[in-house]
Amino acid sequence: MISMNIVKRKPLPHWVRIVIPFAAVVITLLLAAIPILFAGGNLGKAYSSLFYGALGNRFNLLETFVKSSPLILTGLAVAFAFRARFWNIGAEGQLFAGAIMAAVIGIYFPGLPPYILVPFIMVSGFLAGGLWAAVPAFLKTKWKVDDVVTTLLLNYVMIHLMGSLLFGPLQAPGSSWPRSSAIADAAHYPMLIARSRFHIGIPLAFALVLIIWFINSKTVFGYQSKGVGINIRAAAFGGINTNMVILKTALISGGLAGLAGVGEVCAIQYHLLMDISPGYGYTGIVIAMLGNLHPIGVALAAFFFSIINVGAQTMSRMAGVPVYISGVIEGVALMVMLIFLLLSEYKIRWKRS
Amino acid sequence: MIGEIFTVTFITGLIGATLRMSTPIILATLGEIITERSGVLNLGIEGTMLFGAAIGFLTTLATGNLWLGVLMAALAGMLLALLMSVLAVYLGLSQHVSGLGITLFASGLSMFIYRLVVGSPTIPPTVTPFTPVAIPLLSKIPLIGPSFFNQYALTYITWILIPLVSIFLFKTRGGLRVRTVGQNPFAADTVGVNVNLTRTLCVVVGGAFFGVAGAFLTLAQQNMFLMDVIGGRGWIAIAMTIFGNWNPLAGAGGALIFGFLDAFQLRMQSLGVNLPFHVFLMIPYLVTILALIGVSGKASVPAGLLKPYRREEKGG
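Sequences listed follow chains D and U, in order. By this note's numbering, the letter at position 304 of the first sequence is numbered 304, and the numbering carries on one by one without gaps. By this note's numbering, the letter at position 167 of the second sequence is numbered 167, and the numbering carries on one by one without gaps.
Just chain D, with the same shape it has in the complex (with noise of 0.2 Å):
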């Protein structure tokens, strides 16, 4: 009989640390042959039109950063509020608050000029989001309900809610659809790039990573967020108002992921629509996991992700690969980092007894 033991090693050097992500795709995209190969594609081929697909020429790469933008918003809101052990599932949820937010202010204030009506949608589906996500957040700290099921739940909520609203009042005159009206033009997103959909939102995304970092290791809020992850009793102890800083950490986290609601509403699809988001909230919380919580790290796997979403399209045309090859390699993509992960701060003993 063989025993496995888990023990704690020497932490590593810091550059191991910075190369183990990488090492992971790498792993990931060898894994991933065996079910390009089962579907009977030529590697080769395969992955080279893969990349080719994301980073290929100038139209698949902005593609790319376009698709990027909601992945790096929801990775980040469920980074954030993992770091402080808020475990916020409801991404998917709060992004919905932000697009429905986006439609009724972009359907119902159409004389409004641009300047002011985009940040007003802006600012307006950040707090839907955010104020959406501190409902569990008060669950949690005022009766110490389980956050988990409850933001999972609150998404399914949100969807009914979105649902009955596009049955209902938001639905298009004349349509039998779920969908809205097309939103005023002046809530349109700026385009940024000529015929792309390059829109502000993807710097602005870029931006929200910077800043993101900044109030984690540069603020006092940021170090009392994560004094909270780590321990929250000696966090309390030290006289930290604990179940405000859970409130403020979940108005950001939901905040993050409402902003990427009114981007798919304000810059891609221009109506709100049942199928608004095909799973980046889910997506978000393997993102912030593949990142290890952090804001680079968040960006980073956001454009990985990005890279074989958008790639998966051109594989499937090139190679015959289905197109959800990219759903099973984002899946073990963060198996694999999890167990480097926990490589780089354990050793595993193979004891025989």
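Keep in mind that the hints are not guaranteed to be accurate.
So these bits of chain D aren't anywhere near chain U, every CB distance computed over 10 Å [to be verified]:
hint	residue
1	Ala-23
2	Asn-42
3	Ala-172
4	Ser-181
5	Lys-218
6	Thr-219
7	Gly-222
8	Gly-239
9	Asn-241
10	Gln-269
11	His-294
12	Ile-296
Some but not every residue of chain U turned toward chain D, in silico, with C-beta under 10 Å [said to hold, decoys possible]:
hint	residue
13	Thr-122
14	Ile-123
15	Ile-236
If you're looking for bench data, these hints aren't it; they were derived computationally from the structure. All C-beta atoms in this analysis are idealised placements derived from N, C-alpha and C, irrespective of residue type, glycine included.
With chain D fixed as given, assemble chain U onto it according to the hints.
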């Protein structure tokens, strides 16, 4: 309109549909209760159900054998559950994240395999699904007969499983072992119970339940595989586990309420009653959240839930 709603046919139909629609949720809830009682939260449930739905459907599509489909779905669920155990039990990785990773991976894999096997035809392929089995004599009782005793075989099996799981957990040595491992793994280890093996067995049994719950949707309730066939039922089972205070009878009761509201709103829609049905669908989630507030602090959460067991960290 009111007359139409309260006919005997309507009521028997509604009860029948409630039992039918709650079946996959009850199965998944039972699986999650066994899993969580041993100290593991398996958020891989949603993806595992989809994988069971896909593998069960494809097996039946290829062989025409419905029960072989159910069996393969159970095995498929166990396979993913085994992966979950490696990550969350043996390696001791975060249960939240491992589970969500399994769901992401399994969802991608299910659709990938489905596409590989069936390609992309314009009309999705279908199987001849399970037909309800009328129980002799009992199904002839007025009102009760057609609604309770004219169900799918899997629904009957599910109803038998509810007390069985309850008896196992609370009345057998094996169940005591499971609960001890979930409650106090250090104590269990001291008296010679293999904590990680017990947890793995529970996770794997739970996985079989998830797989069959998924297959029920593609082989009985419907006859085809669609990407959104699970539609959040796995997450509902997670909620029902807590709602039912980790107790199989109460969890199944919660799932039944869920099935009822779903069946009721569908029937209202088909009668053309203009209800805001999305508001209806919202109710169970809101009720569950209220119930969670009600039981908070009093809930008998397995104390070892979410905590990986490592001997070196004794007492930690």
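Hint-by-hint comparison with the structure:
no.: 1; hint: Ala-23; in the structure: holds (17 Å)
no.: 2; hint: Asn-42; in the structure: holds (16 Å)
no.: 3; hint: Ala-172; in the structure: holds (17 Å)
no.: 4; hint: Ser-181; in the structure: holds (19 Å)
no.: 5; hint: Lys-218; in the structure: holds (27 Å)
no.: 6; hint: Thr-219; in the structure: holds (26 Å)
no.: 7; hint: Gly-222; in the structure: holds (22 Å)
no.: 8; hint: Gly-239; in the structure: holds (25 Å)
no.: 9; hint: Asn-241; in the structure: holds (21 Å)
no.: 10; hint: Gln-269; in the structure: holds (19 Å)
no.: 11; hint: His-294; in the structure: holds (15 Å)
no.: 12; hint: Ile-296; in the structure: holds (20 Å)
no.: 13; hint: Thr-122; in the structure: violated (17 Å)
no.: 14; hint: Ile-123; in the structure: violated (18 Å)
no.: 15; hint: Ile-236; in the structure: holds (8 Å)
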